[in-house]
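Chemist: Please dock the two separately framed chains into a single complex, following the hints provided.
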Amino acid sequence: MKKINRREFIQLSALASGGLLVIGVAPSEGGEQKIVNLSANGGQSLNQFISIGADNHVILYNHRPEMGQGTFESMPMILAEELEVDINNVEIRPSEANESLYGSQMVVGSRSVQSEFMILRKMGAAARTMLVAAAAQKWSVPETECAAKAGMVVHESGMQVTYGELVEVASKMKAPENPKLKDPKSFTIIGRSTRRQDIPVKTNGKAIFGIDVKVPGMKYACIEHCPVWLGKIGSYDKNAALKVSGVTHVEVTQRTVWGRKVDAVAVLGDNYWSAMQGKKALNIQWDANGLDGISSATIMSQFREEAKKPGEILHSVGDAESVFQKGGTLVEASYELPYQAHVPMEPMNVVVNMTENAAEFWGSTQHPNGVRTFLSTKYGIPRENVRINYTFMGGGFGRRSMTDVVEEAADLSLKVNAPVKLIWPREEDQTQGPFRNCSLNVCRAVLNGDGSIEALEHKIVTQEINNQTGDNNKAGRQIMGGVTTEYQIPNMTVRGVLQKLHIPISYWRAVYHSTNPFAHESFIDELSVKAGKDPLEFRMSMMQNHERYNRLLNETMRITNWKSGKKPGTGRGVALVERSGAHFVMVVEVQKKEGMIRPVKVTTVIDVGTCVNPDTVKAQVEGSVIMGLGAVYAGLTVNNGRITEQNFDRYPILKFNQCPEIETHILESTGAPDGAGEAGLPTIAPAFANAIFDLTGRRIRRLPMTQEDLKA
Amino acid sequence: MASIQVRINGEMRAMEVDPQMPLLWAIRDFAGLTGTKFGCGIGQCGACTVHLDGVAVKSCTLPVSVVQGKSITTIEGLSADHSHPLQQAWIEEQVPQCGYCQSGQIMTAAALLKKNPHPSDKEVSNAMSGVYCRCGTYPRIRKAITKAITLSKS
Ligand code: FES
Ligand code: FES
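Same order as they appear, the protein sequences are chains A and B. First residue of the first sequence: 1, per our numbering; consecutive thereafter. First residue of the second sequence: 1, per our numbering; consecutive thereafter.
This is chain B alone, in the form it adopts within the complex (with noise of 0.2 angstroms):
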């Protein structure tokens, strides 16, 4: 056990955890942000994407003694009031269908738009070609990240 002091979406939290326990446990169990999901545990899906210091990371392997003193940026806080143009263009486009790799994509894809604004499809392709959904939502993503780039210009 020990104790773990992680900004989380802005907020200085104490965590009294296994240094050993992936961020993303850290996160849904402890700090209680459930947005950021669960779906492989072996950095596959994606679906634990949350931003370390403004970079997508899989928080299923990084332990979060790693994280000690650093800045994470969950879904719950990409924007205060959900109004990130990709969280419009998201609702536009009707791009989720479960939802559940919602928060994945979405994170990935922020820091994609943040690093690289203007993006080549076959960059999208390989930032989003990490993240899964089993419920293909991959043509509506495709659009939906055009149309945020489009919204965040205006």
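Here chain A stands alone, though its shape is the one from the complex (with noise of 0.2 angstroms):
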């Protein structure tokens, strides 16, 4: 595949009646941003990010699939800034997926916002000068004399036209290599809170998810996998399937996760609900292959032996291995995390037609150009013969970035000679994973006479997603993931001790950040109690030297009242994290509510650069609040090598009624953005747990928490 590094401007000008103004940006294999008019080419197979037409109907594209993370507004937004129109009036549409077009569209760990800024900005601003320029030149006046503003160039004189007057001559035009940005103090929409254009049809039943997508001919599959990873397929009986009524194939299919192959019996029939019954009477026996030996338990006791080996030095600052070894004030912690499925609120699914020499894909993606580099890697076909047609994703939170599902649905294609929905049961996608890694964290430290950290150890025991099978053994920096290294502790070290298991892991939303924080922000705090420092100001002794967490810290302070101390029957935790850029610090409130500690309030102080859209940066916050309550009450359990969680009986996500109040406070930056969607997951775990030590002494050291330990 062409590597994209670098991007150029390309104007591409479709003449079609009356003039319209297209603009876009080109892969480029190295070289400058060099700006090329490639209207001869008409522009139509070429990428579009603004579309203008005469009659001044404007069109936004949005290259970045929308799972609900909001970059459907927020993309466009940046372009609509520097183009000068109101986001309002403007259409925004998703762009079609193709990489040589238009790079990556993978959606994954909030980057979009951050990694588009800067050439969405070029792009608006190309076209807006371009157009003041098409003005100018109409009136015959200096182009510094016109302004544009809300879809038309003024001229100081009173004069005006909008865009769709002046799009014939500015479609003939050159585009600018370097256009002028606006200053960000004159951002009207950057910044602002606009109303999501996705969001009309998501309250009328219209939005089209994968699961939604019908195709002529399309034949409904559901599939079973061995409850035990890696099982075999025993026995099964097909003709009880087949005479399920609407029920016309059964196939045996599979999947790669990480290089290893999974297999799957699959029931294809006329509608979705032949295909469940007929996948009910194959009554399957699976073989466990052996692998049926581990649970839980034994996975945390051989993390617990593994402890005992040094492992691999992730990062260093000082010697903490002398101070250990002189000994003094010694705190010593270790925590536990489960493994957690993904639990997009849409099951996994996707439709798939395989043809001679081609292939459609229908479906909810977070990673497009990945299902069309899967698809003509594997069955060999050219890549502009690879169709990828994306849809609104009913949540991905890093589920919907692998291509395991597409591969069952595409090979369940060939066999039947018909496109393929493939819906994974709840079950199936609860229980087979790839999971979020289960982790043991042990921390260490010694503590000097006034109370400060002299030398910290934190030794992760956990699998590795980029190194699953294989004969590597040493653990790589990826695992340490959300330890927070910013804090100025003389002597640290952050070690790893790489586990391979068969079970699968994968990226979840935050990541490693989803587990680290709750071990080091819960010692940070078990620090604080010893040297007998208040939890805040014990944070900010050790970020005085770094400017975002100092401003931010300090806010925390003043938002929250924090010096005039708790109320009454409460109990307050802090935990911070960075994640994507991003940073942020949560304090949690608790109470004894009927029975149980209940957290009441979560406010959350957060520095993300320059923000888009603080109305979705802050439902992203809320998001992931809710979303890391949730893995603080439920987890996976593996039991006989087969989760027990099967189904939301089991493994309830939060529910409207355990939802504390969540407040949350952007602070004003002019910095580049960062990324928002995660960052508010990995501090809820560690802030609530804190705030429970805070109120009855309590610490827990293990997720997810019990009855017992929510007892009041």
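These aren't lab readings, by the way, just hints derived from the structure by calculation. Be a bit skeptical, because a hint or two may be false.
[Stated by the list, open to error] Cut-off 20 angstroms, straight-line C-alpha distance, at most; resulting in silico cross-link-like pairs (SDA-like, lysine to any residue): (1) A:K655 <-> B:F30; (2) A:K530 <-> A:L695; (3) A:K593 <-> B:E123; (4) B:K143 <-> A:K214; (5) A:K214 <-> B:M15; (6) A:K214 <-> B:E76; (7) A:K206 <-> B:H82; (8) A:K655 <-> B:L112; (9) B:K70 <-> B:H118; (10) A:K500 <-> A:V257; (11) B:K122 <-> A:R598; (12) A:K214 <-> B:F30; (13) A:K280 <-> B:L62; (14) A:K206 <-> B:I42; (15) A:K655 <-> B:E16; (16) A:K601 <-> B:G77; (17) A:K206 <-> B:E16; (18) A:K567 <-> A:T603; (19) B:K143 <-> A:R195; (20) A:K280 <-> B:I42; (21) B:K122 <-> B:H82; (22) A:K593 <-> B:S120; (23) B:K147 <-> A:R195; (24) A:K655 <-> B:D81; (25) B:K143 <-> A:T603; (26) B:K143 <-> A:Q658; (27) B:K143 <-> A:E661; (28) A:K243 <-> B:E16; (29) B:K122 <-> A:Q658; (30) A:K206 <-> B:N9; (31) A:K592 <-> A:Q658; (32) A:K601 <-> B:K143; (33) B:K143 <-> A:V600.
[Claimed, not checked] Under 7 angstroms between C-beta atoms, here's a sample of chain A residues computed to sit facing chain B: (34) D183; (35) W273; (36) A619.
[Claimed, not checked] Simulated restraints, written as ranges between beta carbons of each label pair: (37) B:Q20 <-> A:G234: 25 to 35 angstroms; (38) A:G697 <-> B:G32: 50 to 60 angstroms; (39) A:L242 <-> B:S83: 47 to 57 angstroms; (40) A:K567 <-> B:G32: 51 to 61 angstroms.
Bear in mind the structure is a predicted one, so any value in this text is a computation, not a measurement. The beta carbon of each residue, even a glycine, is placed where N, CA and C say it ideally should be.
Modeler: In structure tokens:
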């Protein structure tokens, strides 16, 4: 595949009747951002980000799939800001999936706004500059006397002309190489909450998700995998399944997860209910393949044993080891976290149609380019013959960045010679993984006489997403995500002891930031208690030189009235984290309610750099707090090699009546935008646990919390 | 196979289906209305909520034979032009994230307000706790329900 390093502006002039100005970027292999006029190519087959018609109809294209994170609106907002159009008066459309035109369209790690910010601004500015030049030409006045405003160019004299009237002339112009960007101080869209254009269709049933796609001749497939991971198919009753009315096929299929092949049996039919009934009738007997001896308890005892190993040093400042050898006030604690499932509300599903030398995909994906690469590589289909139609996603959280379900559906489509819509029942989704890793975190520290930390060691015993098979048994830096290294601690070491298990893990919202901070920020809290210091001030004392954290901690202190003390009957806990550049400080307030300890209020103070859409950022914080709190209350258990919690009855996600009040404060910043979609998740567990300690003196070091832990 | 007659969003439909088929799949795969969603299939998450003679029901566990001759409303039929106070409030409060659970949320809230136009916070909590949202839109749902109550007064 052609590697895309830099992108050039390309002005695409498709001169349909009356004129049309189309602006986009195109990939280039090296070279500067050179402006190329491609009007001769018509523009239709090229990428488009901005399209302005002679009728003033402005279309802004969002090239990043929408899964709830809000890029549907935030990407076009950036274009609109520089283009000087009213975001509420433009049409937003999803772009096609084509990496050779749009570069990466993968939505992971809260990166979309972060990585696309500048290029989108430049495109908007290029179009604006051209329109202004066209107006100046029309009026024979200097460009400096003209300004763009709300879809029009206005002259000092008061003359004005709409963009639509200028596109014919502008579309013949050369796009500027380095258009002048607006001064962020004059932003009128970026930094303001706008109404998301994807929301109305999400209130009336019109939004189309992958699971809603219907194509002619399509078969519906239901599937069963061995409940014991990497088990084999034993026997099944194919005829019984075929007897179910509406069932047409029973087929074996396979998916690949991190290089390992996983077998499954699928039942296909004319509607999904028939396929589900057929699956039941199969009565599959699985062969556990000798892998049913493993359980959560055996995994944790293995991890504890392994924690005795020194592991790899992943981060080191000073010489912690020699401080530990010298002795002093030693504090030690270990923390445990379980596997978690992604559980997007839309169960995993795809529609795939494989035909002679071509493939077409419809559905919810975080990685449209990955789907194309997969289908093209595995089946030897030219990339241009793979058509990707991405839809709204009913949540992703990392799970939809993989192609394993696509593989099963493609295989089935080839076998039955028809388009196949494969829907995983919730039980498969929850028990088959890949999961969020489970983790054992062992921390120790030596305190000085004045209560400051002299040395700290954090050892992480877990699996590594990027290294699940093969012979390399050394832990990599990936696993230390979310360990705060910014504290000014003179001697600090982070170690990793890599674990290899046959249970697959994958990216889950915030990835290792969803596990390590529970340990790290709980441990910092334990140290503050041991040192006899206020936990917030203790953190401040170690962040004096860190401008962003220092400001956040001060603001948190002010906003939460920290110094005036807690209200009677409440406990307060604090935690902080940096994720995808975003810095968060969170305070959780707990109370005893109906015999249980409940979080009642979550206050988050955040610095996300330039914030494109504050309301979307707030929604993301609310969402990550709620997902994180769900993971405080529930986790997956392995028993006899299989996951016990098969559906929502055993693995409840957070419910409406468990939701605390959530208040988010975004600090003003002119810095480059950070990724804000995940950072609310890592802090909720430690801040909550720290608040419980504050209220009860009970330190909780294992997730999920039990009823016992939460008893008032 | 049986022929089941159901009124869906005011329109009488006859469907040739297995009488045991849950209403959810009849609505989605046979009536072609995809606003009603599949989440768990065991009556836990509420993504599949529709109104059966005005009452909120989870359609994934309700055999279609049970609704023979009855009247069903799905999200598509909640209001003619999507102007139900809840739909307006949902937009004003910018509730949906991924949006997948939202049909179930709105239909559940609509049935609640129909029965009880001025529910207490507790009554809202009780009614809404049967509908899951993985994206975590609960705080906004609460605000939107409060807003809808005011909207329908005016
Ligand atoms: S799909 Fe019906 S309650 Fe979950
Ligand atoms: S909005 Fe995504 S599940 Fe509720």
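Chemist: Identify every previously stated hint that the structure contradicts and give their numbers, smallest first.
Modeler: Checked against the structure, the hints that fail are numbers 1, 4, 9, 14, 15, 16, 17, 21, 24, 34, while the rest are satisfied.
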